[in-house]
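S.K.: The listed protein sequences correspond, in order, to chains U and R. End of the first sequence sits at 110 in the numbering used here; the numbers just go up one at a time, nothing left out. End of the second sequence sits at 814 in the numbering used here; the numbers just go up one at a time, nothing left out.
Treat the hints with care, since some could be wrong.
As the list claims (entries may be wrong) - Computed cross-link-like contacts, DSS-like style, restricted to lysine-lysine with a CA-CA straight-line distance of at most 27 Å:
id: 1; chain 1: U; residue 1: K27; chain 2: R; residue 2: K586
id: 2; chain 1: R; residue 1: K521; chain 2: R; residue 2: K749
id: 3; chain 1: R; residue 1: K136; chain 2: R; residue 2: K55
id: 4; chain 1: U; residue 1: K27; chain 2: R; residue 2: K557
id: 5; chain 1: R; residue 1: K660; chain 2: R; residue 2: K769
id: 6; chain 1: R; residue 1: K449; chain 2: R; residue 2: K55
id: 7; chain 1: R; residue 1: K606; chain 2: U; residue 2: K27
id: 8; chain 1: R; residue 1: K521; chain 2: R; residue 2: K752
id: 9; chain 1: R; residue 1: K796; chain 2: U; residue 2: K27
id: 10; chain 1: R; residue 1: K769; chain 2: R; residue 2: K521
id: 11; chain 1: R; residue 1: K606; chain 2: R; residue 2: K593
id: 12; chain 1: R; residue 1: K499; chain 2: R; residue 2: K55
In case anyone wonders, no lab produced these hints; they're calculated from the structure.
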Amino acid sequence: MDEWIEIGRVDTIPRRGARCVNTPNGKIAVFRTQDDQIFAIDNRCPHRGGPLSEGIVHGASVTCPLHNWVFDLSTGQAQGADEGEVRTYAVNVVEGRIFITPDLMLVAAE
Amino acid sequence: MSERLVIVGNGMAPGRMLEHLFEAAPGRFEVTIFNAEPRVNYNRLMLSPVLSGEKSYAEIITHGDEWYAEHGVTLHKSAPVTQIDRAAKRVQSSNGLVAEYDHLVIATGSSPFIPPVPGHQLAGVVTYRDLDDVDKMLAAGRGSSIVVIGGGLLGLEAAAGLKLRGMDVTVLHLAPTLMERQLDPAAGYLLEKAFVDRGVRVITQANTKQVLGQDRVEGVELSDGTVIACSMVVMAVGIRPASALAKESGLAVNRGIVVDDQMRTDDPHIFALGECAEHRGICYGLVAPLYEMGQVLASTLVGVPASYQGSVTSTKLKVTGIDLFSAGDFGEGEDREEIVLRDASAGIYKRLVLKDDRIIGAVLYGETSDGPWFFDLLKRGVDTREMRDTLVFGQAYQGGTPLDPMAAVAALPDEAEICGCNGVCKGKITSTITGKGLTGLDGVRAHTKASASCGSCTHLVEQLLHLTLGAGYNPAAVQPMCGCTEYGHDDVRRLIIAKGLKSIPAVMQELEWKTSCGCAKCRPALNYYLVSDWPGEYEDDGQSRFINERVHANIQKDGTYSVVPRMWGGMTNPKELRAIADVADKFAIPAVKVTGGQRIDLLGVKKEDLPGVWADLNAAGMVSGAAYAKGLRTVKTCVGSDWCRFGTQDSTGLGIRIEKFMWGAWTPAKLKLAVSGCPRNCAEATCKDIGVICVDSGYDIHFAGAAGLDIKGTELLCHANTEDEALEIIVALTQLYREQGRYLERIYKWAKRVGTPSILANVVDDRDKRRAYYERFVYSQQFAQVDPWQERVNGKDAHEFAALAEFGMPVAAE
Ligand code: SRM
Ligand SMILES: Cc1cc2nc3c(=O)[nH]c(=O)nc-3n(C[C@H](O)[C@H](O)[C@H](O)COP(=O)(O)OP(=O)(O)OC[C@H]3O[C@@H](n4cnc5c(N)ncnc54)[C@H](O)[C@@H]3O)c2cc1C
Ligand code: SF4
Ligand code: FES
Numbered sequence: 001m002d003e004w005i006e007i008g009r010v011d012t013i014p015r016r017g018a019r020c021v022n023t024p025n026g027k028i029a030v031f032r033t034q035d036d037q038i039f040a041i042d043n044r045c046p047h048r049g050g051p052l053s054e055g056i057v058h059g060a061s062v063t064c065p066l067h068n069w070v071f072d073l074s075t076g077q078a079q080g081a082d083e084g085e086v087r088t089y090a091v092n093v094v095e096g097r098i099f100i101t102p103d104l105m106l107v108a109a110e
Numbered sequence: 001m002s003e004r005l006v007i008v009g010n011g012m013a014p015g016r017m018l019e020h021l022f023e024a025a026p027g028r029f030e031v032t033i034f035n036a037e038p039r040v041n042y043n044r045l046m047l048s049p050v051l052s053g054e055k056s057y058a059e060i061i062t063h064g065d066e067w068y069a070e071h072g073v074t075l076h077k078s079a080p081v082t083q084i085d086r087a088a089k090r091v092q093s094s095n096g097l098v099a100e101y102d103h104l105v106i107a108t109g110s111s112p113f114i115p116p117v118p119g120h121q122l123a124g125v126v127t128y129r130d131l132d133d134v135d136k137m138l139a140a141g142r143g144s145s146i147v148v149i150g151g152g153l154l155g156l157e158a159a160a161g162l163k164l165r166g167m168d169v170t171v172l173h174l175a176p177t178l179m180e181r182q183l184d185p186a187a188g189y190l191l192e193k194a195f196v197d198r199g200v201r202v203i204t205q206a207n208t209k210q211v212l213g214q215d216r217v218e219g220v221e222l223s224d225g226t227v228i229a230c231s232m233v234v235m236a237v238g239i240r241p242a243s244a245l246a247k248e249s250g251l252a253v254n255r256g257i258v259v260d261d262q263m264r265t266d267d268p269h270i271f272a273l274g275e276c277a278e279h280r281g282i283c284y285g286l287v288a289p290l291y292e293m294g295q296v297l298a299s300t301l302v303g304v305p306a307s308y309q310g311s312v313t314s315t316k317l318k319v320t321g322i323d324l325f326s327a328g329d330f331g332e333g334e335d336r337e338e339i340v341l342r343d344a345s346a347g348i349y350k351r352l353v354l355k356d357d358r359i360i361g362a363v364l365y366g367e368t369s370d371g372p373w374f375f376d377l378l379k380r381g382v383d384t385r386e387m388r389d390t391l392v393f394g395q396a397y398q399g400g401t402p403l404d405p406m407a408a409v410a411a412l413p414d415e416a417e418i419c420g421c422n423g424v425c426k427g428k429i430t431s432t433i434t435g436k437g438l439t440g441l442d443g444v445r446a447h448t449k450a451s452a453s454c455g456s457c458t459h460l461v462e463q464l465l466h467l468t469l470g471a472g473y474n475p476a477a478v479q480p481m482c483g484c485t486e487y488g489h490d491d492v493r494r495l496i497i498a499k500g501l502k503s504i505p506a507v508m509q510e511l512e513w514k515t516s517c518g519c520a521k522c523r524p525a526l527n528y529y530l531v532s533d534w535p536g537e538y539e540d541d542g543q544s545r546f547i548n549e550r551v552h553a554n555i556q557k558d559g560t561y562s563v564v565p566r567m568w569g570g571m572t573n574p575k576e577l578r579a580i581a582d583v584a585d586k587f588a589i590p591a592v593k594v595t596g597g598q599r600i601d602l603l604g605v606k607k608e609d610l611p612g613v614w615a616d617l618n619a620a621g622m623v624s625g626a627a628y629a630k631g632l633r634t635v636k637t638c639v640g641s642d643w644c645r646f647g648t649q650d651s652t653g654l655g656i657r658i659e660k661f662m663w664g665a666w667t668p669a670k671l672k673l674a675v676s677g678c679p680r681n682c683a684e685a686t687c688k689d690i691g692v693i694c695v696d697s698g699y700d701i702h703f704a705g706a707a708g709l710d711i712k713g714t715e716l717l718c719h720a721n722t723e724d725e726a727l728e729i730i731v732a733l734t735q736l737y738r739e740q741g742r743y744l745e746r747i748y749k750w751a752k753r754v755g756t757p758s759i760l761a762n763v764v765d766d767r768d769k770r771r772a773y774y775e776r777f778v779y780s781q782q783f784a785q786v787d788p789w790q791e792r793v794n795g796k797d798a799h800e801f802a803a804l805a806e807f808g809m810p811v812a813a814e
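The following block holds chain U by itself, in its conformation from the complex (with noise of 0.2 Å):
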């Protein structure tokens, strides 16, 4: 279980944006920043469920669409005065190909 797994090209996400991995057990947000880092976490807000991938993304942080909770993409820690966590994949860039740990197929077999 050590092979990654490729999800897609960087330039498929829109900067400042961020798209969709579905898998059986959810979907997973794949975060593109402006200055082209990629960070991937689960899509549900720890909030109330709030679909991650829909917020708006600044820096390496992404505010929820439903409340306005603002998320560090790289710990998945909830910012300021809120307390949550979501829970973050590591993943590799190579020229412009992601790819995403094995750990969330591992996690999607339990």
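With chain U's structure known, arrange chain R with the ligands on it following the hints.
M.R.: Chain R with the ligands only, in chain U's frame:
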């Protein structure tokens, strides 16, 4: 057992007294209040802004129903007390309510004086004292002619307010110059000029002979034979202490109810408070003394020694744009000297009256910031010989070089009075800021009352906040847009244009944003400002838009979307309805609902189905209803002259025309309109951002209503004779709002901030300006009127509606 305290009258004086009382002895008194007015307690000083439309009644309430409940106070509304039985220690109201007291406070205020000229009892003669009077005046309606008798503080505030409401106002004043009791003739003349410039007619030395009319007011005749036609007369010639009730009960009454230094009448169980009281021969007509009385009475009631020593008062006129301050005595006399400063071009006039080198009177017109300083010197009787040469230039000039305004406030002694209404001095404000850790104006108002009454010292309080908190508080640079910048919305808008900034990175670079790419607050705002200011040049940044405006549907709590197609003016037809039904079936849309905006909502659409849903709706001729947009939403209509037996104009047609003209436009916040075919107003036009009421003679255009988080009736903007004119005005108004509104600021908040006069000046009074706004809107529409659904059906932003990758089965299981 708690002591029974009964209060007659629920005005400003007892309101304040009770606050002191509950603080000093919570729970000790069981309080019952009888109020002639049918409501809770409000800030009477602020009636003029309510009259002019600058504030709403809700905003001036000082003690709401919850306050009475919280303090266990029984408030009888609409219950004037008609009888005091001193032997039984009992009062009775006109509607038969009875209360027994241990202590009775009479606080009946004043009654407006109505000169007994013939015709004074006709319908249409009103006074100016409470909210009901304001409602009566407003009922006269835009365009009607009103005569205000009395050119004192009240009369002038009434005249200015009525003028702002679009009425045709004439002020009649008996003396040769306005406000002659507070102003000398020179300042009175300047004041008259300022009113005339505003379009108010002023006639001085006008002796009213009679009010003319059969059943209703039709005009006013002066003793020189002049007749002024009008439909309403506002009597504002003076007030009389309301002391009749006390007199009938056998209490000692001169002009007012006679009280001692503890506010006690000649009956030891009865006190009098406020304007109805006479203390050392003086009856007051301003709040500052009443607040001092209230404090003394509260102390007396709880048994703490206190005594009222009388007050020196100062006056400010609360008419937006006119600065006027007066205090003390400014009559001429042998033993008096005066210093006068005039700057005709700047419209400034200052006059100090001195006796034995001490200021005994001050009149400031046009520039009043030194008012508190002069008033302080006056009250303390400071010898001014040393500063005589520069005295009139104000505090900033004392000690050589001029000080900036902040330094002037810094230089004030701790005892200097900042808030005249509440008698709050500088030291009290600064020590409360520090002691209670206050950070803003609201806190200072809550803890010290400074600037909480007439509001004219607000800027001084803000400067004190700044002085005390340092850079932590900046009164000039209002609220920053967000944590990413120091600039407020208005500065950013101004600089975008001034520096020609045409992209979000350019704004962030030039205005030194503190974050690399902003946040969810500033980015959508900047995107809107750029869209609005550079039509055709700036390319909309989808990633800086909230999800709804990015995918052109409303996100729901479960992450699905709702879709609302436009139904122009609320009209639809079988073909559209069939297409909606078919789409709902085809995509298994779980809910179909009629919205509050006269159209149909399809709720629960999956994101990936959106383009398909839109394609089918487009095919039936429907476009996005923008139910998600900070932009034009709906134009509600009623059936109007097409069908309705009362319809005066084609309200449906006009609504559709407006919606077709304005759809696609982005605005600072959402924009909702309505057109009603007659004043019955079935389209609810008078609570919309912009509303039209059709009448026989054309179209009344209303604006600045609210019916969401706040409730507020619209204000009448103007009347249009034709549909074309109505459309031009509505479009120009919208464009003005687009250019000035702060992001997320609805029209009613924007209007309140910039003031109705400036809006009238731009879109009503000046045809050329109106046309220019109209044309800028029309220009920007060519870039905005593109159906976003159609664009996406044709492939725009396809990445939004498809997953990056799909994994059907867990890899591990393979
Ligand atoms: C669908 C609808 C309710 C309905 O079932 O009838 C509705 C639904 C929502 N309204 Fe509304 N409002 C709807 C008519 C109204 C009205 C009535 C009207 O338009 O005549 C009002 C009062 C008038 C007004 O605009 O103030 C109204 C005042 C609000 C407010 C308070 C706005 C304010 O400034 O006071 C919000 C909150 C906001 O915008 O921040 C809001 C916000 C919302 C949101 C967008 C909540 C949100 O942020 O997600 C709801 C979206 C549900 C959806 O996806 O459709 N809605 N909302 C109505 C759509 C009308 C349409 O055809 O476009
Ligand atoms: C439009 C306007 C603008 C003003 N602007 C300023 C200003 O800028 N600065 C300033 O210092 N002052 C101003 N004033 C004056 C200020 O409002 C008064 O000094 C203050 O309200 C007096 O307070 P009060 O409690 O004595 O009387 P009020 O506030 O008048 O309250 C008296 C209450 O008693 C009720 N009442 C009367 N008789 C009875 C009865 N028999 N039974 C039960 N209830 C009764 C009345 O209905 C009224 O509600 C203004 C006044 C008005 C009308
Ligand atoms: S009132 Fe409006 S915002 Fe509130 S639940 Fe209903 S639709 Fe949603
Ligand atoms: S669901 Fe994300 S903030 Fe509420």
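S.K.: Are the hints correct? Go through all of them and say.
M.R.: Quick rundown of the hints versus the structure:
no.: 1; hint: U:K27 x R:K586; result: holds, 25 Å
no.: 2; hint: R:K521 x R:K749; result: holds, 19 Å
no.: 3; hint: R:K136 x R:K55; result: holds, 17 Å
no.: 4; hint: U:K27 x R:K557; result: holds, 16 Å
no.: 5; hint: R:K660 x R:K769; result: holds, 23 Å
no.: 6; hint: R:K449 x R:K55; result: holds, 19 Å
no.: 7; hint: R:K606 x U:K27; result: holds, 14 Å
no.: 8; hint: R:K521 x R:K752; result: holds, 23 Å
no.: 9; hint: R:K796 x U:K27; result: holds, 23 Å
no.: 10; hint: R:K769 x R:K521; result: violated, 33 Å
no.: 11; hint: R:K606 x R:K593; result: holds, 17 Å
no.: 12; hint: R:K499 x R:K55; result: violated, 35 Å
Hint compliance for this structure: hints 10 and 12 are broken, all remaining hints hold.
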